[in-house]
Amino acid sequence: MTNLTVTLLAQTVASGLMIGLIYALIAIGLTLIFGVMDIVNFAHGEFLMLGMYASFWGASLFLLDPLVTLPLTALMLFALGVLIYRLVIRRILAAPMLSQIFATFGMMILLRGVAQFLWKPDHRTVSHSLVEGKITVLGLQFGTPQLTASLGAVLVTGGIWWFLNRTRLGTALEATSIDREAATLMGINSQRMFALAWGLGAACAGVAGALLSTYFPIFPEVGADFILIAFVVVVLGGFGSVAGAFWAGIIVGEVEVLGGFFVGPAYKTALVLSLFLLVLLFRPRGLMGKA
Amino acid sequence: MDRLTMIKYVLGVVILLLTLGFPLIVTQPSLVNFAILVLMAAQLGVAWNILGGYAGQVSLGHAVFYGIGAYASSVLAAKFGLSPWLGMLAGGVIASLFSLVVGWPCFRLKGHYFAMATLAIAAIVEILVTNWDYVEGAIGISLPMNTSGWAAMVFTRSKTPYFYIALGLLLFSLAVSWIFKRSYIGYYFRAIKEDPDAARSLGVSLSHYKLIAIAASAFLTAMGGTLYAQKELFIDPGSVLVGSLSIKIALIAILGGVGTLFGPVMGAVVLITIEEFTRQMFGSTGMGTDMIIYGGIIVVIAVFSPGGIAALFAERERAWRARQRRVVFNPPGEGI
Amino acid sequence: MKRLFRRLCLGALGCTLLVGAARADDEIRIGAIYPLTGAAAGTGVELKAAAELAAAIVNKEIPLPGNLAAGAGLPNLKGAKIKLIFGDHQGNPQVGATEAERLITQEHVVALIGCYFSNVTATASQVAERYGVPFLNASSSSTPLTERGFKWFFRTSPHDDLFVANFYDFLKEVEQKKGIKLRKLALFNENTLWGGETTKIEVKLADEQGFSVAEKILYPAKSTQMTSEVQRLKAADPQVLMQSSYLGDAIMSMKSYKELGFAPPMILANDAGFSDSEYLKTLGKDGDYVLSREVWALDLADRNPLIKQVNDLMQARNKVNLNGNSARVFTGIAVLADAINRAGSTEPEAIRKALQETNIPADQIIMPWKGIKFDEKGQNALGTGIIVQVLNGQYRTVWPFNLATTDVVYPFPKWEGR
Chain A
1 MTNLTVTLLA
11 QTVASGLMIG
21 LIYALIAIGL
31 TLIFGVMDIV
41 NFAHGEFLML
51 GMYASFWGAS
61 LFLLDPLVTL
71 PLTALMLFAL
81 GVLIYRLVIR
91 RILAAPMLSQ
101 IFATFGMMIL
111 LRGVAQFLWK
121 PDHRTVSHSL
131 VEGKITVLGL
141 QFGTPQLTAS
151 LGAVLVTGGI
161 WWFLNRTRLG
171 TALEATSIDR
181 EAATLMGINS
191 QRMFALAWGL
201 GAACAGVAGA
211 LLSTYFPIFP
221 EVGADFILIA
231 FVVVVLGGFG
241 SVAGAFWAGI
251 IVGEVEVLGG
261 FFVGPAYKTA
271 LVLSLFLLVL
281 LFRPRGLMGK
291 A
Chain B
1 MDRLTMIKYV
11 LGVVILLLTL
21 GFPLIVTQPS
31 LVNFAILVLM
41 AAQLGVAWNI
51 LGGYAGQVSL
61 GHAVFYGIGA
71 YASSVLAAKF
81 GLSPWLGMLA
91 GGVIASLFSL
101 VVGWPCFRLK
111 GHYFAMATLA
121 IAAIVEILVT
131 NWDYVEGAIG
141 ISLPMNTSGW
151 AAMVFTRSKT
161 PYFYIALGLL
171 LFSLAVSWIF
181 KRSYIGYYFR
191 AIKEDPDAAR
201 SLGVSLSHYK
211 LIAIAASAFL
221 TAMGGTLYAQ
231 KELFIDPGSV
241 LVGSLSIKIA
251 LIAILGGVGT
261 LFGPVMGAVV
271 LITIEEFTRQ
281 MFGSTGMGTD
291 MIIYGGIIVV
301 IAVFSPGGIA
311 ALFAERERAW
321 RARQRRVVFN
331 PPGEGI
Chain C
1 MKRLFRRLCL
11 GALGCTLLVG
21 AARADDEIRI
31 GAIYPLTGAA
41 AGTGVELKAA
51 AELAAAIVNK
61 EIPLPGNLAA
71 GAGLPNLKGA
81 KIKLIFGDHQ
91 GNPQVGATEA
101 ERLITQEHVV
111 ALIGCYFSNV
121 TATASQVAER
131 YGVPFLNASS
141 SSTPLTERGF
151 KWFFRTSPHD
161 DLFVANFYDF
171 LKEVEQKKGI
181 KLRKLALFNE
191 NTLWGGETTK
201 IEVKLADEQG
211 FSVAEKILYP
221 AKSTQMTSEV
231 QRLKAADPQV
241 LMQSSYLGDA
251 IMSMKSYKEL
261 GFAPPMILAN
271 DAGFSDSEYL
281 KTLGKDGDYV
291 LSREVWALDL
301 ADRNPLIKQV
311 NDLMQARNKV
321 NLNGNSARVF
331 TGIAVLADAI
341 NRAGSTEPEA
351 IRKALQETNI
361 PADQIIMPWK
371 GIKFDEKGQN
381 ALGTGIIVQV
391 LNGQYRTVWP
401 FNLATTDVVY
411 PFPKWEGR
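So the sequences go chain by chain: A, B and C. If you're matching positions, the first sequence starts at 1 in my numbering and goes up one per residue. If you're matching positions, the second sequence starts at 1 in my numbering and goes up one per residue. If you're matching positions, the third sequence starts at 1 in my numbering and goes up one per residue.
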């Protein structure tokens, strides 16, 4: 590593930040669902995949940019999340944790199969997006799609945070996640809250998918690449904590990129996972988790 | 002994005899191979169940023990010419030791956190082995198939010996599982699972017994890994250490019924049947239909029978016993 | 629920029995095992299409193009037809072995072809060896596959040793021709059997032939980003980047190079992902200027009219051009059909003998090889590699120079000026 310059390092840090923000957005959906109802959703990566396909079809059939169709993608995924809650999750709320894992795992395989059935296993990309090319600032290069995606992730995360803390509905959701029974006693319909959590969770993944679709290849198995990282971010931030997931996403992005750079790319995921284990063992609540 | 228990024993003996005679009756090699896959899966489910079922510690990283078993025997055979039978024991011992090192800190974690920790550990080990040149890293290890026979645990002619080894391993695992269920350790386990705090206040050392469970579970899982290596004669991190394998092992037990002796066996029969059936019927279309059916069936089972297949039987049995009781207590002559 | 299970189990049994029973006598069944679901399904489905095209030609369902090997059908078997039975290995070596066993024992295939992934080929061919059924491998390049002393294993494609040797020959010849130095290498390979083995050979030959390896990265194929990889490569500042990637990572790496402005003077890729039809469809102009070792290129049609004819048929049926992977599978089926015809029988031993005696001249195949003739290890001794460069969205042959249809564009242009 002879040419290690400041620019190279700064560039690496910047890239880590950009991917980290995407991780955060994906993980926020996961952590919402978990926080409200203690269910780990293995099919979360598939929501991301569906968000990507929605953007792809919008772009290739109607020539609409993924950024234009983004609200629609979010709505569709919201509806899907609610639907899956109604059809499947509602029936296993009282089931042991194991069968919940089992159900969402089955859904993961099912959704991948559906995607392959409907849209073939090919790799696809959105061509000619609004955001192409790159911006150079102080010798640092930012791919415009990546930059847009990370800014979008920040906005959506901020929006979710605002919703949870500043609106009636959001506060009700938060209340349900803190103490389900107390919230029910206060007149909050927990079934509705659960459905809302699934809708929002899926929508977050869908938005992340839409943002990613401007530069990431789209294929039925794409969710698999993100799901492990998303789990790590959720636990690191603290199960159920949106703010925690946000910071944890950035940390994971940086550890992955910088660790990969200094220690060796082969070990980048191992480094992230080791950090995750350390946090788990010494601070099981995560960075900002509820006790 | 009531009638139902008798029926159960008779049925058990019949199934055992049928299984023992299976390769003699069925000569179609791919059906024998299918049966071996079921037995191997069942053995893994039973092994997982000791930790995940009895001790209530859900592991999503059992592939790591499986991989240790496969790699230990293969490396020892390839580098030192050690018999895979000894390699199997060595793999078990190494996996047990590793499980103790891992289990000791991780048992402090509860529920999801423990599951996630095991998932992470398995993924880390997969990465390390992939980059470890001594064990051929990503390239994997090929075992020679020119020396066949019982000493080398390689059978090139017929797969029947693999069938009996897999069956032997399954029966051994079931015996271990049965001991766990029946012995005082089993009672402690149930106590831990039902009410950890109460158990602790009664002086049950939680981590002590959890460590015994994970060591036993790891040992048996590693034995299964060695059998895999000897059967397929090729291992690489992608086939014996991969995360989806960990989840499959857990699925087998969950599907069958966690915490029951024979649940994982039923789970294996059903899961492997679905898996092989959907792939054979639909996989060749390249349309993903097999995944839709496989995934769909898993969801349906999880939704409609969260306790697994064993729970379905248990329900029937309860209902039957209730009926019996009614019959017994009915005064004679009154109605039919 | 229980009833459902019972039905399923019975159904599975019933179907397998039925499938086993219902087949005509004049059908010659060949098993083909490819990744039809999972991450590599895109490639697998394309290979399936190529195999089906070859079978259709042998069966004379579509008119015979030119003097293609096996194009005359199977006259020695009274015009029997080939039927391909596909198996899906899902990228999993155990599943590959299971499928091989099923195809042999239940579907009674007389030969097998597969499996694209080297590690799956390793286990599936073992099963074929056990049962004594010929296994033809058309596209797995791992060298040790033909070093196992197998009796029933044949490989038409050249292997990694030859491909990597080609790289260095190519580099030296380009150095001479252009008067440049291309001695500082960076190796960037994916971390499964294929990438691991390629790295080993690349390092070994680099030492022997006086090249220096400035950076060697085995990257995990399932990645969400490649920043750290690309930054390491940038820091190493190589003259030549040698890369082995499957499709997904090939696409992602090119996108990362563009994003991070990494443009080494030469990117020398190792087929696979870079020659997949999806590669250019996905990347468009950003896929340009990459050099890739290949076994096939469409522009060779100028020298070999068969290539155009077969490619036109592929276009008509599947709306996709042939590529190095699918052309090899197509050729594999043709070789099998040729051998079965010469054997005049479906006895495995007869087919094996016929395969061993295979001697197909260069003008009867769509590959730029000197022909097909197996050595005692089952390796095609006449296979050769070529090197292509992507120029204006087309794969153009640039090496060996006597086959080249255009000159090598050097250096790889910076991303800004494109």
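Wrong hints could be hidden among the right ones.
Straight-line alpha carbon distances no greater than 30 Å define the calculated DSS-like cross-link-like pairs of lysine-lysine that follow [claimed, not checked]:
{"no.": "1", "chain 1": "C", "residue 1": "319", "chain 2": "C", "residue 2": "60"}
{"no.": "2", "chain 1": "A", "residue 1": "134", "chain 2": "C", "residue 2": "414"}
{"no.": "3", "chain 1": "C", "residue 1": "184", "chain 2": "C", "residue 2": "151"}
{"no.": "4", "chain 1": "C", "residue 1": "222", "chain 2": "B", "residue 2": "159"}
{"no.": "5", "chain 1": "C", "residue 1": "414", "chain 2": "C", "residue 2": "172"}
{"no.": "6", "chain 1": "C", "residue 1": "151", "chain 2": "C", "residue 2": "172"}
{"no.": "7", "chain 1": "A", "residue 1": "120", "chain 2": "B", "residue 2": "159"}
{"no.": "8", "chain 1": "A", "residue 1": "120", "chain 2": "C", "residue 2": "222"}
{"no.": "9", "chain 1": "C", "residue 1": "200", "chain 2": "A", "residue 2": "120"}
Incomplete in silico selection of chain B near chain C, CB under 10 Å [what the hints assert, rightly or not]:
{"no.": "10", "residue": "29"}
{"no.": "11", "residue": "33"}
{"no.": "12", "residue": "318"}
Where chain C lies over chain B, by a calculated footprint (3+ residues, C-beta under 8 Å) [said to hold, decoys possible]:
{"no.": "13", "region": "87 to 98"}
{"no.": "14", "region": "137 to 150"}
{"no.": "15", "region": "223 to 235"}
Just so you know, the hints here were simulated from the structure itself, not pulled from any lab data. Bear in mind the structure is a predicted one, so any value in this text is a computation, not a measurement. For each residue, glycine too, the CB sits at the ideal point set by N, CA and C.
Right, here's what the structure says about each hint:
1. For the hint pairing residue 319 of chain C with residue 60 of chain C, the CA-to-CA distance comes to about 20 Å; that is within 30 Å, so the pair holds.
2. Taken as a hint, the residue 134 of chain A and residue 414 of chain C pair is honoured in the structure, with Cα atoms around 14 Å apart against an allowance of 30 Å.
3. With a CA separation close to 41 Å, the supplied pair residue 184 of chain C and residue 151 of chain C exceeds the 30 Å bound.
4. Using a Cα cut-off of 30 Å, the hinted pair residue 222 of chain C and residue 159 of chain B is violated, with the two alpha carbons roughly 35 Å apart.
5. Straight-line distance between C-alpha atoms of residue 414 of chain C and residue 172 of chain C comes to about 23 Å, which keeps the hinted pair within the 30 Å bound.
6. Annotation: proposed proximity of residue 151 of chain C to residue 172 of chain C is violated, straight-line Cα distance about 37 Å (limit 30 Å).
7. A C-alpha spacing of about 37 Å is found between residue 120 of chain A and residue 159 of chain B, which places the hinted pair above 30 Å, so the restraint is violated.
8. For the hint linking residue 120 of chain A to residue 222 of chain C, the alpha-carbon distance of about 20 Å falls within 30 Å, and the restraint holds.
9. For the hint pairing residue 200 of chain C with residue 120 of chain A, the CA-to-CA distance comes to about 35 Å; that exceeds 30 Å, so the pair is violated.
10. With 10 Å as the threshold, the beta carbon of residue 29 of chain B comes within range of chain C, its nearest partner Cβ sitting at about 4 Å, so the hint holds.
11. For residue 33 of chain B, the interface hint holds, since its Cβ comes within 10 Å of a Cβ in chain C; the closest pair sits about 5 Å apart.
12. Interface hint status for residue 318 of chain B: violated, as the beta-carbon distance to the closest one in chain C is roughly 16 Å, over 10 Å.
13. Taking a C-beta to C-beta cut-off of 8 Å, the region 87 to 98 of chain B contributes 0 residues in contact with chain C, too few for the three needed, and the coverage statement is violated.
14. Requiring three or more residues with a Cβ within less than 8 Å of a Cβ of chain C, the coverage given for the region 137 to 150 of chain B holds, as 7 such residues are present.
15. A stretch counts as covered by a chain when three or more of its residues have a beta carbon under 8 Å from one of that chain; for the region 223 to 235 of chain B and chain C the count is 4, and the coverage holds.
This entry does not satisfy hints 3, 4, 6, 7, 9, 12 and 13, going by the numbered hints stated previously.
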